[in-house]
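There are 2 protein chains.
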Amino acid sequence: MANDHPLLGVKALTFDVFGTVVDWRGSIAREIKSVGMSKGFIQDWDSFADEWRAGYGPSMNRVRTGELEWTNIDALHRIILDNLLENFCITGLNEDEKEHLNKAWHRLDPWPDSVEGLTLLKNDYMISSLSNGNVALLVNMAKYGGLPWDTVLSAELVRHYKPDREAYMSTSEFLGVPIDQVMMVAAHKNDLKAARSFGMRTAYVPRPFEHGPNTEVDNSPENYIDIMANNFIDLSEKLAEIRNGLLTKN
Amino acid sequence: MANDHPLLGVKALTFDVFGTVVDWRGSIAREIKSVGMSKGFIQDWDSFADEWRAGYGPSMNRVRTGELEWTNIDALHRIILDNLLENFCITGLNEDEKEHLNKAWHRLDPWPDSVEGLTLLKNDYMISSLSNGNVALLVNMAKYGGLPWDTVLSAELVRHYKPDREAYMSTSEFLGVPIDQVMMVAAHKNDLKAARSFGMRTAYVPRPFEHGPNTEVDNSPENYIDIMANNFIDLSEKLAEIRNGLLTKN
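Each protein sequence line maps, in turn, to chains R and U. My numbering puts the first sequence at residues 1 to 250. My numbering puts the second sequence at residues 1 to 250.
Each hint should be verified, as a subset may be incorrect.
Pairs count within a copy or across copies, as identical chains cannot be separated in the list.
Below, simulated DSS-like cross-link-like pairs (lysine-lysine); rule was C-alpha separation at most 27 Å, straight line [what the hints assert, rightly or not]: (1) K11 <-> K103; (2) K33 <-> K98; (3) K98 <-> K11; (4) K189 <-> K11; (5) K11 <-> K143; (6) K143 <-> K122; (7) K103 <-> K39; (8) K103 <-> K33.
These are computed hints drawn from the structure, not numbers from a lab.
Please take these sequences and the hints and turn them into a complete structure.
And the structure:
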């Protein structure tokens, strides 16, 4: 029997980054804690990280709806940060210190399997980010964490945040392959649902600690998910099984 | 004495690619020769490569002047190729074979020092392409030759070919550093002259075999060139000397 698995045509994998490739919550909490220790204030660092992240979606929506002109994530993170510092009654940071703290988003730790998994996947596919993070953030993060991207793709390049169609379709244009040969990899079902609606293939890699130790993980299958994996090494193995004809479409 | 060399602030290096990082002429001649051998036609392979390349500037100028709407390099290369096949009286190639030959520009060999030199430079700087080649071409070429870019930047991202201002200025925006902290690296003086006119730092790395064994190399200094190097390893050493205060501005 010929190997006619529908994922055999996949040429490129594009990855959501915050939460899927890197642990934003642990990394941000660590950075704000370090600032707090040196400045002598005490806060609930995890809540600070959670609230910073919670401002992210609504900020992007202001851009997506046109209320705000194009503003990159560094600038949106800074707007949210300035509000948070006020709400948490944190004072005593000068401009350089605030800017350094804002760039904590450029210094997020990869999940333990990320670098090894991406390195394996890079042998057989083009691999790139497809993140709402701006290019500079993604490049700095890749250098910080050793992420071996073939290139960095970002919503910034088309000035449309996910889940806008333009962001997903840009992968096909920039990587030079039809959209159904590009697979979106994400820990978030809504990202995959949007990607599929524009014709992409999808891989779901839930991250059980994205929101801390009490993260509730949704492992249920969906008709818009082609493949589910525990981590990037597992994803690399599952895709190898498909290429070797060991996994067939059920 | 404080080390106040003007190149100390450089954070990112952006590279011209065709001729500067890779040997387009030797690689293209090899590919067209291989097609010729299998199809039984004989031509002057070097001239074919030279004429293909000669069509490149005028094609881009048609886009730059607005005569042609945005067209990426893959498509421009194909237009030139179709004319060349006719002029060289080469027949017998089907569409797949023509398309494969056109993608020869995705399979160009790095100069012998390129991978090692870029790897060294990557330790201390963000490194990216800044090429008129489209993103897919540059990503495929990087995979083919092992070029360790932090990311791929291309004229395609802003739909303006070098030497348009937009192409050079995009490096500052996407890499998140002021334009005078970005250094353009090229084997072509006109590229560096344009880069400098928009505020970039410049490194000249002449490639004595770009146009074959009889390439005439222009080694004369220019007021728009900050540093001249024999190859990328030499460039990495010269920049290290500057960082270590061993080279001071004369």
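>> When the structure is checked against the list of hints, which entries are broken? Sort them ascending.
In response: none
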